[in-house]
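Colleague: Okay, here's what each chain looks like letter by letter:
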Amino acid sequence: MADRPRFSAQTLSVLAALEADPTAWLHGYRVAKQTGLASGTLYPILIRLAERRLIEARWEDEQPAGRPRRHLYRLTSDGLVAARTALAQAVPKRQPAAGRAARRRLATEGGA
Amino acid sequence: MDRLVRMLTGLVRGLAGLLGEQRRDWVHALLAETDDQPTPSARLAWLGGGLWLVAREVLMNRIIQALAFTAGAMALVWIAWPGASTNSATPVNRMYVVGTLVLLAGLPLLVRRYVGPVRPGWAPLVIRAGGYAVVLALIAATAVQQRIGGQLGRYFPVILPVWAMDVGFLLIIAGYVAGLLILTCRPVQFTRRVLPLASGIGALTAGVLYLLAPFGIGDKAEAASHSLHGGPVVVADYLVLACFVLAALAVPVAVHAVATRLADRDTRPGILSPARQALLVTGCTMATAAILVALFTSITIALLPHHVPQQFGDGICPTCDPSTIVIPPNLRHEYYFEESVSGAGDDASALWFVPLVGVALGALRGQLRYPPAATRPDGFPEGA
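Residue numbers (our numbering), protein chains in the order written: chain A, 9 to 120; chain B, 270 to 653.
Any given hint could turn out to be false.
[Stated by the list, open to error] Computed far set for chain A versus chain B, every beta-carbon distance over 10 Å:
#, residue
1, Thr31
2, Gly44
3, Ala96
4, Ala98
[Claimed, not checked] On the chain B side, residues computed to face chain A include the following (Cβ under 10 Å):
#, residue
5, Gln291
6, Ala298
7, Leu299
8, Ala301
9, Thr303
10, Trp315
11, Trp321
12, Arg325
13, Glu326
I should point out that these hints are in silico values taken from the structure, not numbers from a laboratory.
Predicted model, so just to flag it, every value in this text is computed and none were measured.
Ideal placement from N, C-alpha and C gives every residue a C-beta, glycine not left out.
Construct the entire structure; sequences and hints are all you get.
Modeller: Dropping the structure here:
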């Protein structure tokens, strides 16, 4: 049986943020804003993903005026496959919970 | 608030200096985005995450290393320190314990200061951890072997030449530890896979040689020597000795050839020249084989002392003073058992002799492969 990588919910949120536009290079603050993760959680995730070669990282080429150069990230081709697979698998797992919540909501609203 | 942000930035940046180069880059990435945070409190929270990241990385590495070393040191003390005061091996074993722990704790600091820190990557760390485990296990097994072989302490006095040999053994171990640390530090860059390959071939060679002679080749060399002076000829002993000699000659040449081939293809800057790489890994292979054979035979002797080939003599204690003291008849069996155990295995000379043979053969092959006239100043051959 193939050894599929397992990801935590936080890692999935990072993968989802990067997978939204796989060709774009995102910086850490933007990923943090999109995922709502604190820097102390986000960066260890980015480090692990880079070590597994699921993301690639580079510094901005040009020195921008008034701020330091940013470190940029995007999914590698392996990372894109892994992210899409993991996100596709994660959605069905969430559905039952969503279904239960929906049923509860309907019950409290007097429906169903 | 801004002052606090600046202080925390400085703290995180300073602590990042304790990390390896690759990890430090990530901390700098985090710091670079501090100013993107909209408010001072958000900047503080962002930097707090950076502090957590650095602390986690530093503490995890250092704590794991310290815990592993402490566990190894405690195991060594537990195994090698105890011993009756009448046992002649007790003071020697305690000297081994103290000396080994001082070497293992102190040499990394010296190598880091004068040569450089450990090379990034999994291979150098695994090789260092493995090397430390081998040294600790070898000293522990040797101490048990000597303790079994020194119970009749008054007939095995630790005279000055014996102390000198024991100190010499510790110096050889110091050489091994220093070699291990230097070969795995950052300024000494090898082609990928060369060092793990060399260590693996050394370990494989040691495994094969150990299976041929689990108690060492000392008794076989002695039997062969006797046969040359008219004693009985045991073909098996000659075959085993021939295998050891063949390994000592063939393995360095083969490793040198493979290492040269791999290193020749690597043109990355900062890598050692192929000639140097091949020479160093040849010595490394033979050192690995020698220390692992010593470890395996010492463990076997310590665990199975009654299976050690027995030696018998004329009942006179050669190391006693005066050297004509006769062992009482009721102690002779025990005396020769203990003498056989303490003298079994391959003595420490193999530990320095075998790597030197490897380096000499590697140097010889290197001279043939890279004649001085055809070598550029950077060590690469012409046309490479």
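Colleague: All hints, please: hold or fail.
Modeller: Now for the hints, and whether the structure bears them out:
1. The claim that Thr31(A) is not at the interface with chain B holds, since no C-beta of that chain comes within 10 Å of its own (minimum 20 Å).
2. Consistency note on Gly44(A): stated as away from chain B, and its beta-carbon is indeed over 10 Å from all of that chain's, at 13 Å minimum.
3. With a least CB separation of 29 Å from chain B, Ala96(A) remains clear of the 10 Å interface cut-off, as annotated.
4. Chain B leaves Ala98(A) outside its interface by the beta-carbon criterion, the shortest separation being 25 Å against a cut-off of 10 Å.
5. Residue-level restraint check for Gln291(B) holds (minimum Cβ-Cβ distance to chain A is 9 Å; threshold 10 Å).
6. At a threshold of 10 Å, the smallest CB-CB gap from Ala298(B) to chain A is about 3 Å, leaving the interface hint in force.
7. Evaluation of the Leu299(B) hint against chain A yields a held restraint, the C-beta minimum of about 5 Å falling below 10 Å.
8. At a threshold of 10 Å, the smallest CB-CB gap from Ala301(B) to chain A is about 4 Å, leaving the interface hint in force.
9. Of the supplied interface hints, the one on Thr303(B) holds, with its beta-carbon coming within about 9 Å of a beta-carbon of chain A, less than 10 Å.
10. Interface hint at Trp315(B): satisfied, since its Cβ lies 5 Å from the closest Cβ of chain A, which is below the 10 Å cut-off.
11. Taken as an interface hint, Trp321(B) checks out: its beta carbon lies about 4 Å from the nearest beta carbon of chain A, inside 10 Å.
12. Because the beta carbon of Arg325(B) sits about 7 Å from the nearest beta carbon in chain A, less than 10 Å, this interface hint is met.
13. For Glu326(B), the interface hint holds, the least distance from its beta-carbon to any beta-carbon of chain A being 9 Å, beneath 10 Å.
Violated hints are absent here; each numbered hint is respected by the structure.
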